[in-house]
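Chains as they are written, first to last, in this note's numbering: chain A, 1 to 315; chain B, 1 to 315; chain C, 1 to 315; chain D, 1 to 95; chain E, 1 to 95; chain F, 1 to 95.
Since the hints were made in silico from the structure, they are not lab data.
Do not rely on the hints blindly, as some may be mistaken.
Calculated lysine-lysine pairs in the DSS-like style (CA-CA distance at most 27 angstroms, straight line) [what the hints assert, rightly or not]:
(1) 45(E) <-> 75(F)
(2) 45(D) <-> 86(A)
(3) 24(A) <-> 45(E)
(4) 20(B) <-> 75(F)
(5) 49(E) <-> 24(A)
(6) 45(F) <-> 154(A)
(7) 20(C) <-> 42(E)
(8) 49(D) <-> 24(A)
(9) 20(A) <-> 49(D)
(10) 42(F) <-> 75(F)
(11) 49(E) <-> 49(F)
(12) 75(F) <-> 75(D)
(13) 42(D) <-> 20(B)
(14) 49(D) <-> 24(C)
(15) 49(D) <-> 49(E)
(16) 20(A) <-> 5(D)
Computed from a predicted model, the values in this text were never measured in an experiment.
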Amino acid sequence: MAFEPVVLFFLLGVIAGLAKSDLKIPTAVYEALSVYLLLAIGITGGVKLAESTLLPLILPGLAILLVGCLIPLICYPVLQYFGGLKRADSASLAAHYGSVSVVTFSVAVAFLAQAGLDYEGHMVVFLVLLEIPALVVGILLARAGMAGKTRWGKTLREVFFGKSIFLLIGGLIIGFAAGPDHIGPLEPLFFDLFKGLLAFFLLEMGLVAAAKIADFRYYGKFLIGFAIVMPVFSAVLGVFLGWGLGLSLGGTLLLATLYASASYIAAPAAMRIAVPEANPALSIGASLGVTFPFNIFVGVPLYFWMADLLYSMGG
Amino acid sequence: MAFEPVVLFFLLGVIAGLAKSDLKIPTAVYEALSVYLLLAIGITGGVKLAESTLLPLILPGLAILLVGCLIPLICYPVLQYFGGLKRADSASLAAHYGSVSVVTFSVAVAFLAQAGLDYEGHMVVFLVLLEIPALVVGILLARAGMAGKTRWGKTLREVFFGKSIFLLIGGLIIGFAAGPDHIGPLEPLFFDLFKGLLAFFLLEMGLVAAAKIADFRYYGKFLIGFAIVMPVFSAVLGVFLGWGLGLSLGGTLLLATLYASASYIAAPAAMRIAVPEANPALSIGASLGVTFPFNIFVGVPLYFWMADLLYSMGG
Amino acid sequence: MAFEPVVLFFLLGVIAGLAKSDLKIPTAVYEALSVYLLLAIGITGGVKLAESTLLPLILPGLAILLVGCLIPLICYPVLQYFGGLKRADSASLAAHYGSVSVVTFSVAVAFLAQAGLDYEGHMVVFLVLLEIPALVVGILLARAGMAGKTRWGKTLREVFFGKSIFLLIGGLIIGFAAGPDHIGPLEPLFFDLFKGLLAFFLLEMGLVAAAKIADFRYYGKFLIGFAIVMPVFSAVLGVFLGWGLGLSLGGTLLLATLYASASYIAAPAAMRIAVPEANPALSIGASLGVTFPFNIFVGVPLYFWMADLLYSMGG
Amino acid sequence: MEPDKYLLTIVSESILEDRMIDEIRELGANGYTVTDARGWGKHGKRRGKWQQDSNIQIQVVGSRELCEAICARLKDQYQADFGLLLLISPVEVKN
Amino acid sequence: MEPDKYLLTIVSESILEDRMIDEIRELGANGYTVTDARGWGKHGKRRGKWQQDSNIQIQVVGSRELCEAICARLKDQYQADFGLLLLISPVEVKN
Amino acid sequence: MEPDKYLLTIVSESILEDRMIDEIRELGANGYTVTDARGWGKHGKRRGKWQQDSNIQIQVVGSRELCEAICARLKDQYQADFGLLLLISPVEVKN
Ligand SMILES: Nc1ncnc2c1ncn2[C@@H]1O[C@H](COP(=O)(O)O)[C@@H](O)[C@H]1O
Ligand SMILES: Nc1ncnc2c1ncn2[C@@H]1O[C@H](COP(=O)(O)O)[C@@H](O)[C@H]1O
Ligand SMILES: Nc1ncnc2c1ncn2[C@@H]1O[C@H](COP(=O)(O)O)[C@@H](O)[C@H]1O
Ligand code: NA
Ligand code: NA
Ligand code: NA
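Only chain A is shown next, with the shape it has when bound in the complex:
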């Protein structure tokens, strides 16, 4: 199985954070790197898109989106009835787990590169598309049956012009417009350095996540269980769907990872505006403190193993 050294940087960051090391990565660098990663993922996808035909993607795309909307709808009742969480918190968590994590996706892409497997370029388009419906579903769940003070205008602007979606779409368009012919001079920054800068970013994420991991006993057993079981469940959906749609093995891993990952950039920002009464510590704690580390250390290899099994059995 492919061993991917970038995850070790996350571990290093977590250890530094837990040991209260004076290691600090300045906020400015953290933010610049997140802009970089979003742009680089978008551009890579755009260049790949420029080489493929879009029309045959519409039907499978719809199926992928549909399952993407299903996930928060499954999360919500589970959280509210089994976990006993408040309506707003359940809805916010559902949105986080329905939405996706760009860095988890990047780790899966790095994993595929290490394993020498290719994937469909339009997976990045789904990365973008999957961010949105889950947030909308989450907001609707929180607001259903309430005095309608939802700030839809602000919220939708927050979503579409929030930096995640905005940079992914912007990168996609630039990559698509430049195409393989004109992208050359941008390659050293956006392609060659991708792995290294992802490693650096994971170091920072480890430092940030350490605080959440340390708070972990306060989350309660239910939430921790949810933050581990739900991703695996979603990944199973993704593996079967990807296989059913005839994606490549690499593409199926990415789809499973998208479903399994939980947002900790776009969703928190959108939920804080749209559902301010939800407690942000809960959802960021679960997604960044439990699900993210689980996914990069255990999840991605596990989902790959599941997909590989299905592909070798199912032909």
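With chain A's structure known, arrange chains B, C, D, E and F with the ligands on it following the hints.
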């Protein structure tokens, strides 16, 4: 005609800024990238200089400087008599338009690379030289006939040790000292990544410029017209002078772009110290909000077309 | 002799600082680059280690450490009796000069690359190991015969989880774990850009050091003399030891440089916690304002010349 | 040297910067100053590592009424769901 | 709108941030706000260029006793060896 | 615990930092603290995106006379052409 994807990053930044996206590029990164660009331009020029002979450059250099001093002297009366601007503001704007923009120059360099054309290395020397006389002329214009409280000492230090000039000259010297033989290990950072980091910087500039572009209606028709017509006029001077001096087509494009571009780093800093009574919003608004976007989207291709025309006719 | 252009960036920074240029490299970038350099040095060493056998290194390693402990023990009485410094200040300075400077080491590595010479990968391990004993010796010297209020717990955590040691060890482990087989995708960032980013970092260090260099007259003749003579003395020890242990010429230069260099990241942080009554201006002034510039401009070439002489005579 | 000016200091979450500033201007302030901060309070630790986890400190100098009006508005809008601290103290404006 | 609250402002060296905050919480504060700063005083110029050379400003709002207790503790612990400035002024807390 | 100290708070443009500090030291202050800021006032919005567009906040603790002298000097030198806010309030210095 060559299509240069880096300008799309500027557009992305402007859109994000106008849409009030939460996309922010931290100040620290903005400043580090501007240091990088200045150094990289200087080093590139220095390495090219190390391969050429300097003596035959003195006469054409003088001609180029002379025209460079002429531009603010033309701007000033236009601004004062036709635009009805105050003395200090006219002088400050004249200094901005006489001075040059390193990022506009960089976009033109990227444009040439995309088009596969070479240029004279010593153009970077002119980039440095042209920053200075326009600032001095601007200050003299502002101070002429006034109680002589000009802080020449402070101002000249501000100009020569201001980061633009200082880094360009420093880079030139380092590049010249290292020469093609020793520059090798610095190439991955200063050459290979140049385009990518310029793209990143343009994204940030778009965010900054968005605010100036939004204020645009307050500038008045005259100033907007000036910020578009003046660059084209200066570029025409540059095209003819470059052609007359026997520069290559690429060199002529760069000269035209230098004349056409307006400073928004060196000049604002120097003018704020030397002519504090000038309103900085006016000159930064015109140079960053109007002239810069005009130059990178319309100007550079236009000046190239003009130069190409002249060379194919006259050449 | 090899000419290494990166040191010119330091000079540029010093000039900018002394001339009060408005050139500023944001703190955030300075800190991110120092994290990068520490990681990159660690990873490079780790990859080299993965290719060598460790067992035969134990005995020479012990010898190198022993001499490393000797250096602060020599510094301390010299500073206290000849320099007339207070106990705490003598101990703190001894710790700084016994410890090592990663950037000086990096400049020596760059120097070797320029000269086309190889070195033993495990030198990086010594870089890590040598940081520690000098700090411990320094603290013991400061505390000997005092009411034992040493915060050993805090201090040791400060040392081991202080960012220098922590990142070097972390990088070593990651590089070792990845080995030459899996390091490929990280190479563009951690290997190819090393020289360029070191140059950038040296520019910043020049700006920081300028302030210390300007304070230089306040240090007194003794301290300045110490800050120049002590490194040369330590380097002589290193040259003979390296030669005695049968290191390559490159390895011996690195060992001499390690001994000669004085810490200005790890030691100041550790001493401020463990020996707060020592005046930090004194030790940072000497190590950053005098020894560091001396080492990179004069020391490294001098130590190389000494080593080369010994090897050509003795070898 | 106007008499009876007050300094209102607001500490709250960074994501609210634009919204709060709009409200402050709406209520008639003729200036404000913002600095980045981090902290801890009833809503937990805010480490300042990223925008979601950072505070800002907004200072407004104005009349007693203005400061009270801003406090009332911000309290009503944000107190329930966001970290918020509102302080008033008298100052002399010297220009 | 509690009466008799005070604002304690501490300016000291960045490396002391974690330690001071532990002590402030220990003494019973129910919140604090930190901003990055640079400056100059009896201990020389602190340019804010790197952590060793930077200051922080910690603000705590609380009762007179709390502020005095924090001052006493910090003065005792750090005054001798570190840069330190301690200021107290009255404030009205509006939420 | 000296009596009758005042805190002078200056908000102005970042490019003036070095100049103002020279003048503050010249007038006899024995310390100052600087933080980065952004803001809006009579001279328009200063977004803090780059040095040209940023503010600084300088704080000086000293006697009434010192604070007044600094205010007078800065007002005379910079009020006409630069963004400037000058505030004075009493503080207790506890160390
Ligand atoms: N007692 C206090 N002293 C100083 N700052 C405080 C205090 N309480 C709260 N804050 C600041 O106000 C922010 C929000 O407060 P809270 O709503 O209590 O979480 C905190 O993150 C702190 O930065
Ligand atoms: N008179 C003062 N006014 C404002 N800030 C001061 C003053 N004295 C000291 N400081 C701040 O407190 C820090 C430590 O002070 P000191 O212990 O005097 O070096 C300095 O670096 C300044 O940031
Ligand atoms: N009323 C106010 N309250 C708080 N800060 C202000 C106020 N007026 C001005 N400022 C600050 O002082 C700077 C310069 O003010 P001005 O000269 O009015 O442009 C502004 O950019 C603000 O940061
Ligand atoms: Na998901
Ligand atoms: Na020009
Ligand atoms: Na040493």
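Status of each hint after checking the structure:
1. Restraint check for residue 45(E) and residue 75(F): satisfied, since their Cα atoms lie roughly 25 angstroms apart, inside the 27 angstroms limit.
2. With a C-alpha separation of about 22 angstroms, the suggested pair residue 45(D) and residue 86(A) falls inside the 27 angstroms cut-off, and the hint holds.
3. Restraint check for residue 24(A) and residue 45(E): satisfied, since their Cα atoms lie roughly 23 angstroms apart, inside the 27 angstroms limit.
4. For the suggested pair residue 20(B) and residue 75(F), the alpha carbons sit about 35 angstroms apart, so the restraint of at most 27 angstroms is broken.
5. Between residue 49(E) and residue 24(A), the direct Cα distance comes to roughly 15 angstroms. Compliance with the 27 angstroms bound is thereby established for this hinted pair.
6. Between residue 45(F) and residue 154(A), the direct Cα distance comes to roughly 23 angstroms. Compliance with the 27 angstroms bound is thereby established for this hinted pair.
7. With a C-alpha separation of about 23 angstroms, the suggested pair residue 20(C) and residue 42(E) falls inside the 27 angstroms cut-off, and the hint holds.
8. Our distance criterion of 27 angstroms between C-alpha atoms is met by residue 49(D) and residue 24(A), whose separation comes to about 9 angstroms.
9. Using a Cα cut-off of 27 angstroms, the hinted pair residue 20(A) and residue 49(D) holds, with the two alpha carbons roughly 15 angstroms apart.
10. Proposed proximity of residue 42(F) and residue 75(F) is supported: the alpha carbons are some 15 angstroms apart, at most 27 angstroms.
11. This hinted pair checks out: residue 49(E) and residue 49(F) have alpha carbons roughly 19 angstroms apart, not beyond 27 angstroms.
12. Simply put, residue 75(F) and residue 75(D) have alpha-carbon atoms about 36 angstroms apart, too far for the 27 angstroms limit, and the pair is violated.
13. Among the hinted pairs, residue 42(D) with residue 20(B) is inconsistent with the structure: their alpha-carbon atoms are about 30 angstroms apart, more than 27 angstroms.
14. Taking the CA atoms of residue 49(D) and residue 24(C), the gap is about 23 angstroms. The hint holds against a cut of 27 angstroms.
15. Between the alpha carbons of residue 49(D) and residue 49(E) the distance comes to roughly 19 angstroms, so the proposed pair stays at or under 27 angstroms and holds.
16. Under the criterion of a C-alpha separation no larger than 27 angstroms, the hint pairing residue 20(A) with residue 5(D) is inconsistent with the structure, at around 44 angstroms.
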